[in-house]
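Asker: Sequence:
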Amino acid sequence: MFEELFDSVLKKKPLLKEEGSLSVDFHPKILHRDEELRELMLYYMVLITSCGERAVNLFIEGERGVGKTSTIKYFCSGLEKSAQERGVNLKYIHINCKLSRTEYKVLTTINSALNKKIPQRGFSPQDLLDFLKEFIEKENIFLILVLDELDSLDEKGAELLYSLVRINDDTIKSKVKRLNIIGIIRNVAFLSNLVKDIHHYFLNHPIVFEKYTRKQIFDILKQRTSISFNENVISDEILQFIAEIVYEIGDVRCGLNMLWCSTKIAENKGLNIITLDCVKQAYQDLVPYPIKDMLNHMAEHKLLLLYTITVRLQKNGNLDISLTEAIEDYKRICRLSGIPPRAYSQLWNYVQECKKDDILKVDIEGSGIIGRKAFIKMPGIPLNKFVQNVTSVLESKGIVVLTA
Numbered sequence: 122m123f124e125e126l127f128d129s130v131l132k133k134k135p136l137l138k139e140e141g142s143l144s145v146d147f148h149p150k151i152l153h154r155d156e157e158l159r160e161l162m163l164y165y166m167v168l169i170t171s172c173g174e175r176a177v178n179l180f181i182e183g184e185r186g187v188g189k190t191s192t193i194k195y196f197c198s199g200l201e202k203s204a205q206e207r208g209v210n211l212k213y214i215h216i217n218c219k220l221s222r223t224e225y226k227v228l229t230t231i232n233s234a235l236n237k238k239i240p241q242r243g244f245s246p247q248d249l250l251d252f253l254k255e256f257i258e259k260e261n262i263f264l265i266l267v268l269d270e271l272d273s274l275d276e277k278g279a280e281l282l283y284s285l286v287r288i289n290d291d292t293i294k295s296k297v298k299r300l301n302i303i304g305i306i307r308n309v310a311f312l313s314n315l316v317k318d319i320h321h322y323f324l325n326h327p328i329v330f331e332k333y334t335r336k337q338i339f340d341i342l343k344q345r346t347s348i349s350f351n352e353n354v355i356s357d358e359i360l361q362f363i364a365e366i367v368y369e370i371g372d373v374r375c376g377l378n379m380l381w382c383s384t385k386i387a388e389n390k391g392l393n394i395i396t397l398d399c400v401k402q403a404y405q406d407l408v409p410y411p412i413k414d415m416l417n418h419m420a421e422h423k424l425l426l427l428y429t430i431t432v433r434l435q436k437n438g439n440l441d442i443s444l445t446e447a448i449e450d451y452k453r454i455c456r457l458s459g460i461p462p463r464a465y466s467q468l469w470n471y472v473q474e475c476k477k478d479d480i481l482k483v484d485i486e487g488s489g490i491i492g493r494k495a496f497i498k499m500p501g502i503p504l505n506k507f508v509q510n511v512t513s514v515l516e517s518k519g520i521v522v523l524t525a
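If you use the numbering used here, the sequence shown corresponds to residues 122 to 525, in order.
Heads up, a few of these hints could be off.
In the DSSO-like style, the derived pairs of lysine-lysine whose C-alpha atoms are separated by at most 30 Å in a straight line are [claimed, not checked]:
no. : residue 1 : residue 2
1   : Lys-238   : Lys-212
2   : Lys-212   : Lys-202
3   : Lys-332   : Lys-482
4   : Lys-506   : Lys-413
5   : Lys-343   : Lys-317
6   : Lys-477   : Lys-317
7   : Lys-401   : Lys-452
8   : Lys-298   : Lys-226
9   : Lys-202   : Lys-219
10  : Lys-498   : Lys-332
11  : Lys-413   : Lys-219
12  : Lys-413   : Lys-317
13  : Lys-254   : Lys-212
14  : Lys-390   : Lys-134
15  : Lys-298   : Lys-238
16  : Lys-385   : Lys-134
17  : Lys-343   : Lys-298
18  : Lys-436   : Lys-518
19  : Lys-332   : Lys-385
20  : Lys-477   : Lys-436
21  : Lys-219   : Lys-332
22  : Lys-226   : Lys-259
23  : Lys-482   : Lys-150
24  : Lys-238   : Lys-277
25  : Lys-413   : Lys-436
26  : Lys-226   : Lys-476
27  : Lys-219   : Lys-150
28  : Lys-254   : Lys-298
29  : Lys-277   : Lys-194
30  : Lys-134   : Lys-506
31  : Lys-150   : Lys-452
Hints listed in this document are in silico derivations from the structure and should not be mistaken for laboratory results.
Work the whole structure out from these sequences, hints included.
Answerer: Following this line, the structure appears as structure tokens:
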């Protein structure tokens, strides 16, 4: 039975010729960011022409899905290659601070990328800073450090940033400027929370990535489909329809996700083209890409809490629920699954992180310590699809949720 099903799927001509090119991790030629690339080149050319004479630190600002990360990866990879071809030992490290939220995790990641001999545990943040300073000087390394989603760091984020920019002042044997930082942020308001001294180390204004226009979104989707799809699978009219949706959402990554989901829906229906109905169905089930990506990197108990919140929201008709109810459900599922539950303080931290990541909306009602209650919503996210995604990630971690 399985072999017959497997063979029947293999015999069908796939709509996609290059499935991986619809991934956000696939980086073709960057479109519609020539001005930003030119500005970056003007600032960072000094790392090739006069390496070490000065550090170049700047911020990149823009909303989600406007090409910040892909443009910076494209630029820094190219700069690293050009520098090394000219005998400059330039290294590029890219860290997503949403995945490495603490000072310790960021510093461990940097050191591990440069020197894999350093143990992952047993050192203080100051030890790791000292290792970094000593190693880049000893090995004559010039470093571009990209801190992506910098505004996701915990309360010690500003302290970490200050420690990093001061490395060039504290080098042991010379005053050569070896560390250059690019901080990618979503909102310029983040900068107002930094101590004054940090601003002296960065360029006065961030490079701002504006929202793509409708035509630019269409061009980006067209580029991807020309790489990904076999001929005549998707029409320009369908792409225009998707581009309009993406323009309203503001995140090009959602368009790539819609293309992939629409393809799978069409293939499941036995179609050889993507129809408008396929796209509409994909849109109804769309979980924003950043959230899907975050789920894959979440702690198990955070996922379990999100699962219980989503299920209760489903039962409640997507009206808000109290955090107390959600935690009771979470404890019951942990008990049934034989998993020791986390303390309330840790669960509250998870809720705050999900609020910061735009997964949950949290409202506090009442006054006083005893009278206050937290109510949770999950606006703009299809609950059925979301709980499927959470369940899938839990199962990939070896956790089967028992509810009865």
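Asker: Does each hint hold? Answer for all of them.
Answerer: Results of checking the hints against the structure:
no., hint, result
1, Lys-238 x Lys-212, "holds, 17 Å"
2, Lys-212 x Lys-202, "holds, 9 Å"
3, Lys-332 x Lys-482, "holds, 24 Å"
4, Lys-506 x Lys-413, "holds, 11 Å"
5, Lys-343 x Lys-317, "violated, 45 Å"
6, Lys-477 x Lys-317, "holds, 24 Å"
7, Lys-401 x Lys-452, "violated, 38 Å"
8, Lys-298 x Lys-226, "holds, 24 Å"
9, Lys-202 x Lys-219, "holds, 27 Å"
10, Lys-498 x Lys-332, "holds, 27 Å"
11, Lys-413 x Lys-219, "holds, 13 Å"
12, Lys-413 x Lys-317, "violated, 36 Å"
13, Lys-254 x Lys-212, "holds, 14 Å"
14, Lys-390 x Lys-134, "holds, 13 Å"
15, Lys-298 x Lys-238, "holds, 24 Å"
16, Lys-385 x Lys-134, "holds, 13 Å"
17, Lys-343 x Lys-298, "violated, 42 Å"
18, Lys-436 x Lys-518, "holds, 26 Å"
19, Lys-332 x Lys-385, "holds, 29 Å"
20, Lys-477 x Lys-436, "holds, 25 Å"
21, Lys-219 x Lys-332, "holds, 22 Å"
22, Lys-226 x Lys-259, "holds, 23 Å"
23, Lys-482 x Lys-150, "violated, 37 Å"
24, Lys-238 x Lys-277, "holds, 26 Å"
25, Lys-413 x Lys-436, "holds, 22 Å"
26, Lys-226 x Lys-476, "holds, 21 Å"
27, Lys-219 x Lys-150, "holds, 26 Å"
28, Lys-254 x Lys-298, "holds, 11 Å"
29, Lys-277 x Lys-194, "holds, 26 Å"
30, Lys-134 x Lys-506, "holds, 27 Å"
31, Lys-150 x Lys-452, "violated, 49 Å"
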